[in-house]
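Participant: Given only the sequences and the hints, what does the whole structure look like? Please build it.
In case you want the letters, here they are:
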Amino acid sequence: MKLLAKLTAILCAGLLLCSTLPAAAADDTRLPSGKTVKQFHQELENYDGSATYSDGTRGYASAAVGVFEGEEVLYTEYFGYTDVSNGIAADEDSVYEWGSISKTLVWVSVMQLYEQGRIELDRDIRDYLPEGFLRHLTYDDPITMLNLMNHNAGWQETSRLIWESDENAIPSLADALHKVEPTQIHRPGEIVAYSNFGAALAGYIVECVSGEDYCDYVHAHILDPLGLERTAIGPAHTDNAWVYAQRSRMHSYANTTNGVTDLGTRLQYVACYPAGAATGTLGDLMTYAQALSDPDAPLFEHPETQELLYTGTLFYGGSDIPACCHGFFCTEYAVRTYGHDGATVFGQALMAFDPHTRTGLVVMVNDQNGNWFLSDAPHYVFGELSAQTYGKESAPTVDLSGRYFLPARATYRGMLRFMPYMEAMQLDYEVQDLGSGVYQLPFSGALEPQAALLLGHRTGADGQNILEQPSCDLIEDPWFIAKLLLLTLYMMAAVAGVYLLRIRFKLRHTVPAQKGTALLHAGRIARIASVLLFLTTFFLYCRGTGGLTQSAFFFIGIGQLLCIAVCAVTAVCALGMLLKNRRGRTLCLMHSLANVFTVAAVLYYELYCFWIT
Amino acid sequence: MEILKHLMKSDLIMLNNRKNNVRSLALLMAALVLAGTLFVTPIVGVVYGPLLIGIMTVPMLFQLQAKSHCEPMFFVLPVSRRQLVQARFLLMMLLYIPSNLCFYIIALLSDRFKPYMLLYSDEAPDEVDVVHMLVALLENSDLHFTEGGFLTLLFCVCMTFSAVLMSNQLRNFFRDSRMFEMTLERMHSKNKKERRKLIVQIVLLLALVVLIFLFVVGVIDLGPVGVLLSMFIMHLAGAADGMMLSAVILTIGGFECVYQYICTQLEFGAKEVK
Chain A
1 MKLLAKLTAI
11 LCAGLLLCST
21 LPAAAADDTR
31 LPSGKTVKQF
41 HQELENYDGS
51 ATYSDGTRGY
61 ASAAVGVFEG
71 EEVLYTEYFG
81 YTDVSNGIAA
91 DEDSVYEWGS
101 ISKTLVWVSV
111 MQLYEQGRIE
121 LDRDIRDYLP
131 EGFLRHLTYD
141 DPITMLNLMN
151 HNAGWQETSR
161 LIWESDENAI
171 PSLADALHKV
181 EPTQIHRPGE
191 IVAYSNFGAA
201 LAGYIVECVS
211 GEDYCDYVHA
221 HILDPLGLER
231 TAIGPAHTDN
241 AWVYAQRSRM
251 HSYANTTNGV
261 TDLGTRLQYV
271 ACYPAGAATG
281 TLGDLMTYAQ
291 ALSDPDAPLF
301 EHPETQELLY
311 TGTLFYGGSD
321 IPACCHGFFC
331 TEYAVRTYGH
341 DGATVFGQAL
351 MAFDPHTRTG
361 LVVMVNDQNG
371 NWFLSDAPHY
381 VFGELSAQTY
391 GKESAPTVDL
401 SGRYFLPARA
411 TYRGMLRFMP
421 YMEAMQLDYE
431 VQDLGSGVYQ
441 LPFSGALEPQ
451 AALLLGHRTG
461 ADGQNILEQP
471 SCDLIEDPWF
481 IAKLLLLTLY
491 MMAAVAGVYL
501 LRIRFKLRHT
511 VPAQKGTALL
521 HAGRIARIAS
531 VLLFLTTFFL
541 YCRGTGGLTQ
551 SAFFFIGIGQ
561 LLCIAVCAVT
571 AVCALGMLLK
581 NRRGRTLCLM
591 HSLANVFTVA
601 AVLYYELYCF
611 WIT
Chain B
1 MEILKHLMKS
11 DLIMLNNRKN
21 NVRSLALLMA
31 ALVLAGTLFV
41 TPIVGVVYGP
51 LLIGIMTVPM
61 LFQLQAKSHC
71 EPMFFVLPVS
81 RRQLVQARFL
91 LMMLLYIPSN
101 LCFYIIALLS
111 DRFKPYMLLY
121 SDEAPDEVDV
131 VHMLVALLEN
141 SDLHFTEGGF
151 LTLLFCVCMT
161 FSAVLMSNQL
171 RNFFRDSRMF
181 EMTLERMHSK
191 NKKERRKLIV
201 QIVLLLALVV
211 LIFLFVVGVI
221 DLGPVGVLLS
231 MFIMHLAGAA
241 DGMMLSAVIL
251 TIGGFECVYQ
261 YICTQLEFGA
271 KEVK
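Sequence order for the protein chains is A and B. Quick note on numbering: the first sequence equals residues 1 to 613 in the working numbering. Quick note on numbering: the second sequence equals residues 1 to 274 in the working numbering.
Derived from the structure by calculation, the hints contain no laboratory data. Be a bit skeptical, because a hint or two may be false.
Below are the EDC-like pairs computed for lysine to aspartate or glutamate, each with C-alpha atoms no more than 16 Å apart in a straight line [as the list claims (entries may be wrong)]:
(1) A:Lys38 <-> A:Asp28
(2) A:Lys506 <-> B:Glu256
(3) A:Lys483 <-> A:Glu423
(4) A:Lys35 <-> A:Glu423
(5) A:Lys506 <-> B:Glu267
(6) A:Lys179 <-> A:Glu190
Because the structure is a prediction, the values reported are computed rather than measured.
Facilitator: What follows is the structure, encoded as structure tokens:
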């Protein structure tokens, strides 16, 4: 009996030990950063602890984090709350929006059709589209699928509203594309400017070539084969009832310095849904990422197709360091990762994996902005790029400080033409020139004391200096200050108009109005109205809905046309008064100048061009 | 122009006398602001400097005249009311602009060379350099400023606000110097109720300034609308390192001073002297 009891005890202890071994083994698994999974978990726990303040407010809402290596899930954890005020914690049933990670579904679909010989990557996409589908092209040059994947087809950022708030009023994909089609402002292949329109168009091409609705195609060829039952990709999530129900319970938050602000459910729908509508659980996204890093390539008929997927299509400068591989962006950490991140009005997400070590990270949050998990967690998994990897001791430095660079991903034609000037970056650092069009920006990292960031550089077709980032070029504008000065003078002219009207009103009893004063007043009122319309455009754009409605553009545009007509007429009349009268010459001259600045600013910044998307 | 010069000289002479020597008070305030700018944070120079100058200049310049009821004296002199107003506004600007520019330049130098770090050598720079902390805070809201640009924008906002305050005070002085005198009397009054009333007014004004500052840096949350408004203002502020908004704000300040000057001319010109 005693022997039997002893044997039973040994057996139980053995079973217990065995069951904890995998967990312990997973904890000790070393990540490409050199940290163990346990250390990674500790870092996340430390941050979570520090982000909860003594008064109970939180520095972020929630984060779902997953790390895998091959088929093994090394780590999943859910931090925070999907509904802070009601205390609903994030868990495996929480659904988050993929954002632009949805575009990888487009690229995988395209590569599947390429594998079947139904799409050629270097053929003009107009061969796959209905006749005359694209209506705002400027150049006759062919646009290829590779241009769409590299985001260098030449389209500017759309200025039309990309979000719909009524799920019953979402147009078809073709109609949505027509509604938001932006103007092509660069020749294909010249400038990289991240384009939601381009990716959504690629999704429509999948529809045209396969003969299936894009949503049905992705379900049939990607989601269902991988068993992703908790992911929806339709614009209103109606293709998955469970996701639809879960999503309506999720809250979105804005991060401020004082904690998080509840923005409600933020149910906004992307009509061009292939570009960013996928929504699902952390588990599903991780399964998808695992499939993408599986050398058996379960999403393709031949593993060679997946290998081709990860060959570079866009490089830093003239080097062989890839920036983009068929739509998957490369990020240089201690290892090179492939993946995509995403952001919607609801939240943000990140998917990155190293196909060689088969290690991957997925992060999903319901914060609209900020969130440490997105910015720092990748470094704790993949490490940081060492300055010695590509750099040399003798590399010359280039001083970029004091120079203004405008993002290529912006509207350069139409009523939002002023936006890139508001978003221009003044770089304040020196970089190392590694040659072959590659710059290296050294910094002191959390893990790597001599870490670095890569940038490409080249000279554009118009002779402008361009800094290359994987998804968006930065274009130097040597006339930036002069152009912004015009915008500043435009606003100052309106301020002057307000005060001159005020002063004239004050002096109405003491100084009689001269002939022509009414005309000058009309000019001042037109200047003020023009700036108010400009600020309205800016304010509506800042709402974060990705653009303005057609009617808003129309009314503001017509308003601006009326204003500059009045300004032009009164400027000429003021000049006439200046020549005729001896009195009030200075005022007439100032009035003419102010109106000239107003007309020049409205014309240069196309503040009246409501017809240009 | 000669008459204006003489009027300005006479105002400056009346500034200092045996009993009311404001020079030492002005020097003490300047020294405090300077010390704060160099050894605490450059923000003291670009915020408190203009605000103190704006609040204190007019009372300090004209307190003796208000107390001694000097106003009728100027009407027997061969100067017009227009010239009197011109001279005083000119004097105010000549004192205000150079002193503020000095504080601004010293603040920029302090930010460049960081003498305040010498006092806190044991502390991490990130915990001591307030400007750096605020700029980093704004970076989290996707607003990119250099430290110089941030200080310049703050300076322009505070300078405009205090210029408007100062020109309004001068207008009030011309409108009714006795009410102005009563305000000064209240400051020196032994009547506790009057002093308490004045202190409450000053505290409320300072609280308003602090409230606006806390809103701008995001400490106070006004909900989604506040988030949107602050994003909008921050976008305007962020263009070219704050240059655009600074220029517009200075224009507002300049025109507001001109407007107050014109109003003063009209009101003082029509005023009946008792």
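Participant: Would you mind marking each hint as holding or not holding in the structure?
Facilitator: Here is what the structure says about each hint:
no.: 1; hint: A:Lys38 <-> A:Asp28; verdict: holds (6 Å)
no.: 2; hint: A:Lys506 <-> B:Glu256; verdict: holds (13 Å)
no.: 3; hint: A:Lys483 <-> A:Glu423; verdict: holds (13 Å)
no.: 4; hint: A:Lys35 <-> A:Glu423; verdict: violated (37 Å)
no.: 5; hint: A:Lys506 <-> B:Glu267; verdict: holds (11 Å)
no.: 6; hint: A:Lys179 <-> A:Glu190; verdict: violated (25 Å)
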